[in-house]
Structures are given as structure tokens and as C-alpha cells.
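From these two lone chains plus the hints, build me the complex, please.
Line by line, the protein sequences are chains A and B.
With my numbering applied, the first sequence covers 1 to 239.
With my numbering applied, the second sequence covers 1001 to 1395.
To be clear, the hints were calculated from the coordinates, so they are not data collected in a lab.
Everything numeric in this text was worked out from a predicted model, so none of it was measured.
One or more of the hints may lead you astray.
Said to hold, decoys possible - Derived SDA-like pairs: lysine to any residue, alpha-carbon spacing no greater than 20 Å straight-line: (1) B:K1147 to B:K1211; (2) A:K154 to B:A1024; (3) B:K1059 to B:R1227; (4) B:K1388 to B:G1321; (5) B:K1388 to A:G25; (6) B:K1059 to B:R1109; (7) B:K1027 to A:H123; (8) B:K1388 to A:F24; (9) B:K1163 to B:A1187; (10) B:K1388 to A:E87; (11) B:K1027 to A:D108; (12) B:K1261 to B:S1073; (13) A:K154 to B:D1301; (14) A:K31 to B:A1392; (15) B:K1027 to A:L151; (16) B:K1388 to B:F1324; (17) B:K1388 to A:E88; (18) A:K154 to B:N1026; (19) A:K154 to B:H1025; (20) B:K1388 to A:V91; (21) B:K1027 to A:Y150; (22) B:K1388 to A:A103; (23) B:K1388 to A:R68; (24) B:K1027 to B:I1008; (25) B:K1027 to A:P152; (26) A:K31 to B:H1025; (27) B:K1270 to B:T1197; (28) B:K1147 to B:E1256; (29) B:K1113 to B:G1181; (30) A:K154 to B:K1027; (31) B:K1135 to B:L1255; (32) B:K1388 to A:R69.
Claimed, not checked - Ranges between beta-carbon positions, derived for each pair: (33) A:T86 to B:L1369: 36 to 42 Å; (34) B:I1282 to A:K31: 48 to 54 Å; (35) A:R83 to B:L1005: 44 to 50 Å; (36) B:A1387 to A:H123: 23 to 29 Å; (37) B:I1008 to A:D229: 53 to 59 Å.
Here a beta-carbon is modelled for each residue, glycine too, at the ideal position from N, C-alpha and C.
Below are the chains, spelled out letter by letter.
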Amino acid sequence: MKAQSSAMIEAGAAIVLRNVNHWFGDGEARKQVLFDIDLAIARGKLTVLVGASGSGKTTLLTLMGCLRRVQDGSIALLGTELRGATEELLVSSRRRLGFIFQAHNLHDSLTAMQNVRMGLEVHGAEAMRDWRDAAAHVLTTLGLGDRLDYLPAKLSGGQKQRVAVARALIGNPDIVFADEPTAALDKDSAALVVGMLKRLGTERGTTTLMVTHDTRIIERADCIVALQDGRIVDGSAVG
Amino acid sequence: MSGLLEAIFERLTGRLPIGWLQLAHNKMRLAAALAGVAFADILILIQLGFLGALIESTKFPYRQMNADILLSSSDMNTLADSNPLPRQRMYEALAVPGVSAATPLYYGRIDWKQADGTIRTLDTFGLDPTQLAFKTPGINAALDLLKLSDVALIDSRTRNVAKSVFTDIDAGKALSFEARGRTLSVAGTFVIGGGMTTDGYLIVSDQTFLKLFPQRVAGAPNHILLRLEPGADRDAVTAELRERIPQYDTVARSLETAMAKDTAFQTTQKPVGVIFGFGVVIGIMVGCIIVYQVLSTDVADHIREYATFKAIGYPQSFFLGIVFEEAFILAVFGFVPAVIITTGLYAIIAAATGLPLDMTVARAIGVLLGTIAMCALSGAVATRRLAKANPADLF
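Only chain B is shown next, with the shape it has when bound in the complex (with noise of 0.2 Å):
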């Protein structure tokens, strides 16, 4: 195996493999090595994994609107904290050509306690059941039964709720439960999942919702979702939208704007995502740190035969390939287990959580070509130390 590495290298380098020969040389030290990049990588991979859990989660709701544009109060970041805005803007928009349909969406947010007491949050959407507001079809197949007074559809991915609660309520076994002083009936299912900040989604009607909610008023929902004619310029009809209604209470957006408006302030403002990039930075810096310490302390231990090689007659660019030989073997062979055991991780979490977690080419391939680059830094870095290497010393 090891002579099979070596020419292998060797082929790849067009010279002898040192770097490899040396880590190779001491195989305890190459081990050390190998499981400080991998825990860099699983680090930088578990966060990422979050992250990615968390932009995903925040983008499956967005994903079942059936809808092209949304309109949203102005004060708006995501889909949950927007406050009311008038309902006099779907009319205003209707108004507007291009635009097809209209639907208020109201939301708000629900406790479901279970048997053992526990809470399961629920984000509550109330709609009007004469209207195709998503496309998800558990919903739009039962819109009839929401018309009906305290009926519920809930997510089947709901967080910690056992799975044969869901298929007895697809089997046609009703479930109720209290939730603000009323008794819910939920009569069917739908996907969507939860994220970091609910444990899933609950759909009723929008008369229901002013039940659960007494002081919310029909006149004042969430958002307004807007389907537009076949054909129609969607941009131009969103320029026209903010012309026509006022910017001071309600803003019109795309719904893909919307989504990343969303995204990005999940990410960049709330703390969970900012907490979850720096982890990544943290990862990044415990990588580059192991890596460095590994090479410049195998250039240190070989300062004498660097300095041979000078005297030899070897440029300065035939040691710095030997380092970065190191440090791309380092990258690549701490990755591999670091992807295999993450992807193990994710598979856990996502099983203990329901969170979105899965191991993403994308992701995968951005983090071997950034553990490349990050060894490759710390690989620059501990070249310094062949300055040292003066073959007049060894006389």
C-alpha cells in the first residue's frame, strides 16, 4: 500500500515523494497528524452541516408557497417575526395588472403538549381554504375539512412525535389536542419539517386562527402571497406594486427575495448562525494551527537534510514543494475519515433533531478544497522555517 502511495506520488510530483516518504517514515506522528485535520474537518463540517440545516429549514416553508411574490410588512426579516399589514393591500394589488390571485396568509405560534408534558412548538399558518395558498398537496387535498370550525392539519415531521401519531391520522383516526383554550382536531397531514426555531408547522383555516388568536383581526394578516397571469414580467410587476402601495407599512418581494432576505438574516443577524459561522472559523483556525505545528516541526527535524540539499544544489521552490506535498497529503488523507464520520454524525443528529442534515457534494468538495487551502497556509508558514536550513552550518 505504502509502495503503491509512493509511486503514486511519485508520478504526481515528478520527483522522489519525500513528503510523503517523510510522513510516512513516522507513522505515529502521521496519525497524530491525520486525526487533528480530520477533527478540523468534522469540526468545519458539523457546523457547516448546521448552518446548511438551518438556511434549508428556514427555506421550507417559503418552498411550499404557491405563490410569486410576496407582500409582507415593511419592517419584515423573516417569515415569522413580520407584524400585520392592512388587507386592503391585496386588494390594492389585485389592482396592479399582471397580478392573477391574492391570499392573505396569517401566522402565529402554538404549543401542542404532549401526554409526558412536554411542549412541541408549532409555527401556525391560518389561511382561506377557497384558495390554493401552497402547493404542498396533504394541504390542498384537505382545504374542504379546514372550512370546518377547529380543524387542523399538522407536519408529519413534527420534532419528537412519534411516527404512528401521523399514520393513524392519515388512517382516518382523528387527533385532538388543546392548544389556547380550544380543542384542535386535526384531520390529515402534509411535509414540510422542522428548523431551529420550530419543531414543525401547523395548518389552519383563517377563521380557526382568529379563534386561536382573538386578538388578531381578519383586516391585518402576515403576508399577502400573489400569483401572477401566465406571461406576466414579474419584476415589473413587483416595480409596479411598490409604486402603487405604500412602502411606509408593506413591501413587495419576489418570493426567492424574500427567501434569501430571510436566509441571510438567519444567518448574518440571529445568533444562531452567527454562532454557527464562527465554528466554522474556529475549525478553520485549529486546523491551520495542527497542521502547522505537524510541519514546521518536520521541517525542524529535518533541517539538517534540507540543508544538505542546498549545498547540493536544490532551489528554494524544491523544499517548498516538499512541504506543500506534505500539506496536500495531510488535507486529503484527514478529510476522508473526517467526511465519513460526519456523514455518520449528520445521519444521528438529523435522527435525534429532524433537522435537514445531509452531506452535500457541494459541501463536501468546499471543504476538501479549504482543508487544502488551509493546510497550504500553515504549509507557507512553517516553510519560514527552512530559512534556517543554511548548508554553510553543516561544515
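Excised from the complex, chain A in its bound form (with noise of 0.2 Å):
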């Protein structure tokens, strides 16, 4: 069903969008990647966008994730209108939102714990009490407090892409972004990581909005959006 842009599912929705289009290039080389998208993200729930390579779920990521600016079209993130939005109100909203990206992008020179700490000292000083508490907890439910003051390049891929993960949970966002989070992670730790995700959609609201290819993420989401060619071609409330 495209339960995504009904009036119920809309009314406690993280994310709407309304005729959503979007052009890369000028001129000749203008090219339409996204058409008329509407949809609603629910609230507290792990949504999966699927589509192949060049079918648009980036871009309407980076949209969503206040990354690009929104040139047709309304899209309402947790109630902002981010057409037209200045610089200062994308930079504000997206400290309420978490990234997870593919390559993990971590500090060099930052340990766990450092690397962490930066997702919580972009929320100023108040946020800053008992950080070490607060990454430490965190790292440690992702398998990784016996590795706190590890440099990236003493961990192993699956475990920098956990740090990241820590990184982007550590704020208490609304929002989850993620791509292809999973792809550096074995079973088991892919399993915690989407574990973790889900959990934090039931007891605190998290919305997670996630980019996968991974069966394994696909079978457990709440809603899958797919698309093709820029167009949303399914989008259904599974489980």
C-alpha cells in the first residue's frame, strides 16, 4: 500500500514530501534525477530505500538530510520546511539528525572515544556532561569497550564502522541516516547495529532512514520505499 502518504501515517510522520523534483547540471546538461516524489517517513520506525545504482535514493537521502538544497517541490523535516531554508536553519536541523555513512570517515588522529565525543560536542556544553560516560556507553553496547582509546587505524573495518555508528548515535537524534551501513559489518554485527536501530525507534522515536542492499536489514525494516529511475515505484508498510 502507499501507506507512506496517507493522511494518518502523514500526521505522525518524520519526514514528508510533496512533488519533490530535482535537477544536477545547467543548461544542456540538465539532467531530472528525481520526479514528483511524495511520501511520508513514519516516526519511530526503520524505513529502507531501495532502487538500483542511479535510481535517485541518494539524492532524496541527501534532500531529506538537509545535504542539498530543495529546488522543487516541500519537503517538512520533523515539522521545518526546508525549501528556501537558510544555511544556518540546514546546519541547526541537522544537528538533530544522525549520519551513518559507507565509509566509515573517521579521525585519524581521534580515538574511539574522541571520534564519538565529536558527534556530542556539536550540541554545546550542556550536552558535554558526562561525555565520557555517555561514549563509553554506547561503544561498549556495540561490542567495542575494550577498544575506547583506539586509534581507527588499530581497529579493524567492522569495528571503525561501529565507532561511526556510536558517532552518529551518541546525539540522541531524531533521525537516522544511513547508507549501507552494514557493508563493512559481519553477521553478527550487522545483526546489533539494525538491533540497536530498531530498539531505539521503539523506546525513544528514532526514525531511521536507510539506503541497503543487505537482505538481512531488508527483512527486518518497518517500511520499504523503492525506486526506479528517480520515481517512487513501491512504497509499503511491511511486518
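As C-alpha cells, then:
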């Protein structure tokens, strides 16, 4: 069903998109990559974006994540309209989000604790109270309790990715945007991360929007949005 | 040590000191960067040292003069290049209210040939031994000796002359040497010190001077030193002198003004001063380029991490803070070894040349502030690369 666009779910939606179109390039090279996207992302749910390479899912993710400017249509993120938003509003909106990238992008000169701290420090001095306990807790939850003071160079690929997950989650984001977050993780670690995201959805109402091809995650998703050539071809609630 | 510095920088910045952690993480690059900044600082400090030595050595003879106002030829730029002026101006000056005494000063340059055949150039002043033209104790104590023909007093800081030569003179062992066809007997010493253009100074009486320089005449000294009555207004007297004395051949200036004009001419008009000033500019440019290379490379190496921080919600000012933090660290940590090394180099050069090279607090602070500004400027340019940190590209 087109559940995400129904008025009932939209009322409790974390993100609402209306007639979103997007283009890249200028002049003759201008190419449309998203077409009339209407979508509502349910709050507290794990929504998975699927589609072939070039289908527009990454563009859609960056638009909703305030990383690109809305060119046409409307995107309401947690009740805030992003079209025409100032840079300051986009930056402040991003502070309510968590990002997990396919590449961990950890700072090579910072320990695991310090990298995670960077996800908290952006929220100011108040958030930094007891940051050590908070960072140690989230890293321990992700199975890295014995790697707190390790530099990224001393961590395996999966461990680095879990540090990146911890960095995204320590600030208690309202929405987590993740791009293939389990690509570098083994089966158990992937299950741990997805389980954590699902639990945050249940306990705190954290919304997760994820681009993935990992069938292990797709099977556990609450909603699946399928894109093809810049259009939503299926948006369904599962489970 | 690294942990202590991390704690200090965290306290200073009020955040995780990423700049310091980045620099400390790559120790080879940090060492190379600090060596580069230190090199630039040493270059700047050495050039400033030479410039300072030029200025100080120019001021030496002025500071020894027992005068309030100096009359010189109207085309005078330096103490040494003043053409003779009519001695009549001295008598005209004495008629000006407030002027209590006047004495002529003759200037010439002689070569003192050493036993090994090398030459020491001595700036030579001829003075009236009945007047106190200088404040220098060594000169005034020996004025009576100067009344004798062909007697001279020598600067004990004359460059590249054994100390024993001067201690022997002070012990009463007279030194004689040939100069301009006459035999001079050196009867005493005083202290001034050589400069960029002279190895030292020699004092003789006006009569001996005229014998050494037979083309010169008593009626045309190079300068006239004026002393004022106690309480006299120097500026008012100087203005009055300018009214009464023809300005086409004579200029009246306070001793400080004449000294300032001389040093300004030496540093801005003479090639040697311009070269030292240019050396400072080159040092700053070298420093800027080195720091820019280090910081811009550092930004480029961490562009994905910076983009991640942008995605998280850090503002542009956060990234500028990191780059300026790095610039500040490079400036301070590069400056410290530079000052230590340069102080040692000053001592070596001063010993070899007799030039007044000292690491002054003002110069050290000035170069430190300049280094911070230099590094901050380079950092500001390097931050342009931050624009490439687009978080949308991370997906």
C-alpha cells in the first residue's frame, strides 16, 4: 500500500515530501533525477530505500538530510520546511540528525572515544556533561568496550564502522540517515547495529532511513521504499 | 607530554583540540613544519638583527656627543657624509639666546694597516681638546694628551684587533702606527664600537686632524656641536637658529632628530638597509609558503572527515578554528627553537664582526606576533579548501 502518503500516517510522520523534483547540471547538461516524489516517513520506524544504482535514492537521502537544497516541491523535516531554508537553518536542522556513511570517515588522529565525542560536542557544553560515560556506554553497547582509546588505524573495518554508528547515535538524533551502514560488518555486528536502531525507534521514537542492499536488514525493515529512475515505484509497510 | 599539551589546548579552545591532535598524529610532518617555520623565523630574526645592528651602530657616535643641537651642512644625510660648513656659523649660533657653548667637529676616515697587512678603517673625529665635545669618559680624561701633536685615542672595540693591543695601551704602553704619511701615537682608549661602514673610531685634536688631512681647513668643520643653557627650550632655540643661520649651507637639528634622520637614511636609502629589509620580507614569504603548504595539505588530507563534521552540523567557524589552532601551534612551537638558535648565531656573528647583535625582548615579541600573523594568514588562505568539503558527496 502507499501507506506513507496517507493522511493518517502523515500526521505522525518525521519527514513529509510533496512533489519533489530535483535536477543536476545546468543548461543542456541539466538532467532530472527525481520526479514528483510524494512520501511520508513514519516516525520511530526503520524505513529502507532500495533501488538500482542511479535510481535517485542517495539524492533523496541527501535532500531529506539537509545536505542539498530543495529545488522544487516541499520537504518538511520534523515540521520544518526545508525549501528556501537558510544555511543556518539547514545546519541547525542537521544537528537533530545522525549520519552513518558507507565509509566510516573517522578522524585518524582521534581515538574511538574522541571520534564519538565529536557527535556530542556539536550540541554544546550542556550535552558534554558526562560525555565520557555516554561515549563509553554506546561504544560498549556496540561491542567496543575494550577499544575505547584505540585510534582508527588499530581497529578493524567493522570496528571502525561501529565507532561511526556510535558517533551518529550518541547525540540522540531524531532521525538517523544511513548509507549501506552494514556493508563492512559481519553478520553478528550487522544484526547488533540494526537491532540497536530498531530499539531506539521503539524506546525513543528515533526514525531510521536507510539505503541498503543488505537483505538481512530489508527483512527487518518496517517500511520499504523502492525507487526506479527517480520515481517511487513502491512504498509499502511491512511486518 | 603530548597528553599535557592536549589538556592545555583543550582548556584554551574549549573543545577537543583537533588541530593539535592532527598535527601531533603525524610527527614527521609536524617536525618538518616546525623546522620550516623555525627556518623562516631564523631568517627574519637574522635580518632584523643585522638591521638592528645597522641602526644601533649608526646611533653609537651620536650618543657619545656632548651636544643638544647639531649644526651640519644642509645636504647632510649621515654623520660621515656631511660636507664641511663655515665655522662662522658657530659664532652666529653662539649669539642665539639659550646657546651656552659650541665646538667644531671634523670628520675623516683613515686606514690603520695591521702587521699582517690587513687594513682597519677608522672613522676619525678631530675636536677642540679644550672643549667637551663627547661625553665619553675615556675621551674626556685624555683631552690634555690630545693637545700634543699626532696623539690619538682609539676605540677599544675596533673590529678584528687583538684585545691585548688595547689593554697594553691602557697599561701605558703607547702604540704607534703610520697613517696618511704621519706617525700617530695612541695614548688612550675609549669605547664606541664599529658598525657596517667602519671598523672603529679614532679621536684626534683638530690640529692633528688638519695635519692628517691637509686639504681640510680649520674654518670648515663637518659639524658644530651646540650645548644649551640649563632650562633653555631646545625647539625654540633650534627654530631661532634656523631663522638666523643661512639654510642654504647649514641645517640645525636636535641631536635626536639628526640621529633619527641618519638611521632612516641608512635603513631606507642605503643598499645595505634595503637589503636587510628585503631579507625580512623574503623570510615572511618563505614562512607563509611553508605554513600554507602544511595547512592546505592537512585540510586536503582530512576533507572527508571535515565533510562528515559538516554533515553532523558543525558550522564553518568550527573548521576555521581548527586551522587557526594549527597555525597558532606552528607559529609558537616554531618560534621557540628559532629564538634559541638565533641567539646563538647572534653571539657567533657579534664575536666575528663586533656588530651590536642582541636578541632584544621587543624584537622577539615582535617576531612572535609576526609569526602568528604570518601563520594565521596562511591558515586563512588554506581554509579556502574547506569549501570542497561537501557532505552531500559523502553518500
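Hint check results:
no.: 1; hint: B:K1147 to B:K1211; result: holds, 13 Å
no.: 2; hint: A:K154 to B:A1024; result: holds, 17 Å
no.: 3; hint: B:K1059 to B:R1227; result: holds, 19 Å
no.: 4; hint: B:K1388 to B:G1321; result: holds, 17 Å
no.: 5; hint: B:K1388 to A:G25; result: holds, 17 Å
no.: 6; hint: B:K1059 to B:R1109; result: holds, 18 Å
no.: 7; hint: B:K1027 to A:H123; result: violated, 31 Å
no.: 8; hint: B:K1388 to A:F24; result: holds, 18 Å
no.: 9; hint: B:K1163 to B:A1187; result: holds, 16 Å
no.: 10; hint: B:K1388 to A:E87; result: holds, 16 Å
no.: 11; hint: B:K1027 to A:D108; result: holds, 13 Å
no.: 12; hint: B:K1261 to B:S1073; result: holds, 14 Å
no.: 13; hint: A:K154 to B:D1301; result: holds, 19 Å
no.: 14; hint: A:K31 to B:A1392; result: holds, 18 Å
no.: 15; hint: B:K1027 to A:L151; result: holds, 15 Å
no.: 16; hint: B:K1388 to B:F1324; result: holds, 18 Å
no.: 17; hint: B:K1388 to A:E88; result: holds, 18 Å
no.: 18; hint: A:K154 to B:N1026; result: holds, 15 Å
no.: 19; hint: A:K154 to B:H1025; result: holds, 13 Å
no.: 20; hint: B:K1388 to A:V91; result: holds, 17 Å
no.: 21; hint: B:K1027 to A:Y150; result: holds, 18 Å
no.: 22; hint: B:K1388 to A:A103; result: holds, 18 Å
no.: 23; hint: B:K1388 to A:R68; result: holds, 14 Å
no.: 24; hint: B:K1027 to B:I1008; result: holds, 19 Å
no.: 25; hint: B:K1027 to A:P152; result: holds, 17 Å
no.: 26; hint: A:K31 to B:H1025; result: violated, 43 Å
no.: 27; hint: B:K1270 to B:T1197; result: holds, 11 Å
no.: 28; hint: B:K1147 to B:E1256; result: violated, 30 Å
no.: 29; hint: B:K1113 to B:G1181; result: holds, 12 Å
no.: 30; hint: A:K154 to B:K1027; result: holds, 17 Å
no.: 31; hint: B:K1135 to B:L1255; result: holds, 13 Å
no.: 32; hint: B:K1388 to A:R69; result: holds, 17 Å
no.: 33; hint: A:T86 to B:L1369: 36 to 42 Å; result: holds, 37 Å
no.: 34; hint: B:I1282 to A:K31: 48 to 54 Å; result: holds, 51 Å
no.: 35; hint: A:R83 to B:L1005: 44 to 50 Å; result: holds, 47 Å
no.: 36; hint: B:A1387 to A:H123: 23 to 29 Å; result: holds, 25 Å
no.: 37; hint: B:I1008 to A:D229: 53 to 59 Å; result: holds, 56 Å
In summary, the numbered hints that this structure violates are 7, 26, 28.
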